[in-house]
Amino acid sequence: MNLYLGVDIGSVSSNFILLDQNGRLYRKLYLRTLGNPVKALKDGYASISDGLDKQHGKIRAVGSTGSGRHLAAVLLGADVVKNEITAHAVAASHLFPGAKTIIEIGGQDSKIIILRNNIVHDFAMNTVCAAGTGSFLDQQSARLNIPIQEFGDYAVKSGHPVRIAGRCGVFAESDMIHKQQMGFPVEDIIMGLCEALVRNYLNNVGKGKKIEEPVVFQGGVAANRGLAKAFEKILGLKINVPAHYEVMGAIGAAILAREQIELSHSPTRFRGDNFVLEGNFTSNSHECSGCPNLCEVVCIKRDNEVLAYWGDRCKKWESSIKQPREKLKVV
Amino acid sequence: MKVSFPHMGHLYIPLKTLFKGLKLEVIAPPPISQKTMELGVKYSPEFACLPLKINMGNFIEALEQGADTIVMAGGWGPCRFGYYAQVEREILQELGYDFKMVVLEAPDSRISELLLQLKALGEKASVREAYKAIRFAWKKLVAIEKLEKTLEYCLPRAIDKNYMETVFERALQAIDEAESQQEVEKIAQESLREMEKSPCKGAEVLKIGLVGEIYTILEPASNCHVARCLGRLDAQVSRSIYVSDWVNDHLFGGYLRKSNHKQIIQSSRPYLNYEVGGHGRETVGSTVDFARRDYNGIIQIAPLTCMPEIVAQSILGKVSEELEIPCMTLYFDEHSGAAGVYTRLEAFVDMLQRKKNLSSSPLLLEARA
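Taken in sequence, the protein lines are chains A and B. Quick note on the numbering used here: the first sequence kicks off at 1 and runs consecutively. Quick note on the numbering used here: the second sequence kicks off at 1001 and runs consecutively.
Keep in mind the hints are simulated off the structure, nothing from the lab. Hints should not be assumed to be uniformly reliable.
What the hints assert, rightly or not - Simulated crosslink set (BS3-like; lysine-lysine; CA at most 27 angstroms straight-line): (1) K210/A to K1207/B; (2) K210/A to K1356/B; (3) K301/A to K1161/B; (4) K1197/B to K316/A; (5) K1201/B to K315/A; (6) K1318/B to K209/A; (7) K1100/B to K1124/B; (8) K209/A to K1146/B; (9) K1161/B to K315/A; (10) K207/A to K1035/B; (11) K316/A to K1035/B; (12) K207/A to K1356/B; (13) K210/A to K229/A; (14) K1356/B to K1149/B; (15) K1318/B to K210/A; (16) K1035/B to K1100/B; (17) K1207/B to K209/A; (18) K1035/B to K315/A; (19) K1161/B to K316/A; (20) K301/A to K42/A; (21) K1355/B to K209/A; (22) K316/A to K1201/B; (23) K1149/B to K315/A; (24) K1035/B to K210/A; (25) K1149/B to K316/A; (26) K315/A to K1197/B; (27) K315/A to K1146/B; (28) K207/A to K1100/B; (29) K1146/B to K316/A; (30) K1318/B to K315/A.
Quantities reported herein were computed from a predicted structural model and do not represent experimental measurements.
With these hints in hand, go ahead and build the complete structure from the sequences.
Shown next as structure tokens:
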């Protein structure tokens, strides 16, 4: 069986998926990155690829995305390294042909992607504020001592959501504390927070964009049913949450990798099990003293072999490593 | 008198030549680095825009190296920039630096006044020498821009992008050191040939128009090197502003060569019919102009809090819709994390590429679905 591996290394979670030949999800895995993407990559790869050979499954191509996509590409040997926007759009238009709007909220990022005829027509990402993203919800669930998994269930039980200022995370938090001390039920406060975050999202990220149906809501935060409900209420539109909402970026990366391999007829760059699992990966950084920029150059090593450098503006270090052959354009 | 000035792209090369020609000792500020940013941010008002912060860093570093005179541009109009020279002087004086600040108020199309201002700077030089200095500096400026435009054209097509950039950097340094006009021309010609000769990919590339605030467009250190990033993503960039055009339009009243400034302003109608300060109107006009010339997309860049560009941004949405050209706006401040900018650029280029492929072959869409 031919399988395609998609990896999405984000700020909060690291997601791994395997697609089969027919574009169906074969396996998925959602891990917390916990500030150590190298470990997340090794652990994630080990469990997603566990027992594959016995079932004659073989990884034919690898795609990576997320803020850690370059690291993932180096450790695994990826055929496609793509930004999150393209990856999410590809996955959504694959699973929801005809989707027109994608709302994606992750750990640190939130984005809106407008699709027309199944291709990206316009997009925007949060710029200055992470108030509406997963990290903030995480923080609030910890403060209220409610597991993040149950946060959405509390929200949907609310009858009368309270009004909470959504313009800024700090104001939202102090508003929540104020309402909580006044004795409002916790469900109403959580739902109020969801609505505040939706307003924040629409004002900051979605401003000026035409949100049309069908709308797809994905990313880790889509687990929160309260948010989906708040979006439906405020937009007055039906919100679709895909079955695998939390790994959509990884699905997109896998689709792109497959496309790349099939169109270019070139062999995969995937380095195989041994490379990832048996290598000892280390990273260190040093300050380059070549010019007054004093770039912090990061070096990724496997045992004693240098795999990659990055962080230098002049590309002196980056280009000192032999480049893989010229990338063919994905169409 | 040891003269220094703020950085703005490669303008330091003609400026050095100009001041040397006026028989002044020149101390160019060190290239903009992380340290420049840190100094600038530390001593600037927090709400001021990035150009002021970088100016401050440049001045402090130049003064530390012994400069005692700073030449800074002034200006008028609703953009805050006109007032920056005064603010910067006050801050530097409060920090205890002893220096003279010469503010060149650029009077539109009144070359005689500018010459007088320059003459006041170059007391040691004769009128004839001053004229020669201006001429030589202009030659260097024109040569550098030719190289810049060639790099913008060749970088997306080049197979070895590092080599292309090396040729460019080397040529810049040689022009900086050149002593005569003939030398400048020779270096420019040789480097242009070398860049055009380098092996290229055959495929057609995307064309992106870069519009927005002048300093952010001209100074790569203030915009995370967007033009180079786009070139490396195989997109050809054309800017709405080149220094020589600005000098020609605003200092010499269009006297040096044919100008398209009027046409750009005309293009901003009916979307924006009034001056909104800074380059707001030019941003809208250039966007329309690029769209008419079949560019694939527009990227607007500006420092955070830039009012004229905020006005222009709100109008670009309509331009984008009516002329069917995708526009993206990026604001820059002191953050050094280029990764976020890079992600957005990559996504934008991907989007344009897919749109372009789709328009050339609608079958691809079905093949993928």
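Hint by hint, here is what the structure shows:
1. K210/A to K1207/B: Measuring from Cα to Cα gives roughly 26 angstroms; hence the hint holds.
2. K210/A to K1356/B: holds (22 angstroms)
3. K301/A to K1161/B: holds (25 angstroms)
4. K1197/B to K316/A: Cα-Cα ~23 angstroms, so holds.
5. K1201/B to K315/A: holds (21 angstroms)
6. K1318/B to K209/A: At roughly 11 angstroms apart (the allowed maximum being 27 angstroms), K209/A and K1318/B satisfy the hint.
7. K1100/B to K1124/B: Since the Cα atoms of K1100/B and K1124/B sit roughly 17 angstroms apart, the hinted pair holds (cutoff 27 angstroms).
8. K209/A to K1146/B: The given pair, whose Cα atoms are some 39 angstroms apart, is violated under the 27 angstroms limit.
9. K1161/B to K315/A: With a Cα-Cα distance of about 11 angstroms, the restraint between K1161/B and K315/A holds, given a limit of 27 angstroms.
10. K207/A to K1035/B: violated (36 angstroms)
11. K316/A to K1035/B: holds (20 angstroms)
12. K207/A to K1356/B: Holds, at roughly 26 angstroms.
13. K210/A to K229/A: holds (20 angstroms)
14. K1356/B to K1149/B: holds (24 angstroms)
15. K1318/B to K210/A: holds (12 angstroms)
16. K1035/B to K1100/B: holds (24 angstroms)
17. K1207/B to K209/A: Holds: K1207/B and K209/A sit about 24 angstroms apart, inside 27 angstroms.
18. K1035/B to K315/A: It holds: about 19 angstroms lies between the C-alpha atoms, which stays within 27 angstroms.
19. K1161/B to K316/A: holds (12 angstroms)
20. K301/A to K42/A: holds (14 angstroms)
21. K1355/B to K209/A: Given that 27 angstroms is the threshold and the Cα spacing comes to 19 angstroms, the pair holds.
22. K316/A to K1201/B: Given that 27 angstroms is the threshold and the Cα spacing comes to 23 angstroms, the pair holds.
23. K1149/B to K315/A: holds (21 angstroms)
24. K1035/B to K210/A: violated (43 angstroms)
25. K1149/B to K316/A: holds (23 angstroms)
26. K315/A to K1197/B: OK: K315/A and K1197/B at ~23 angstroms, within 27 angstroms.
27. K315/A to K1146/B: Between K315/A and K1146/B the Cα gap is close to 24 angstroms, so the pair holds against 27 angstroms.
28. K207/A to K1100/B: violated (47 angstroms)
29. K1146/B to K316/A: holds (25 angstroms)
30. K1318/B to K315/A: Violated: K1318/B and K315/A sit about 39 angstroms apart, past 27 angstroms.
Hints 8, 10, 24, 28, 30 from the list above are not met by this structure, while the remaining hints are.
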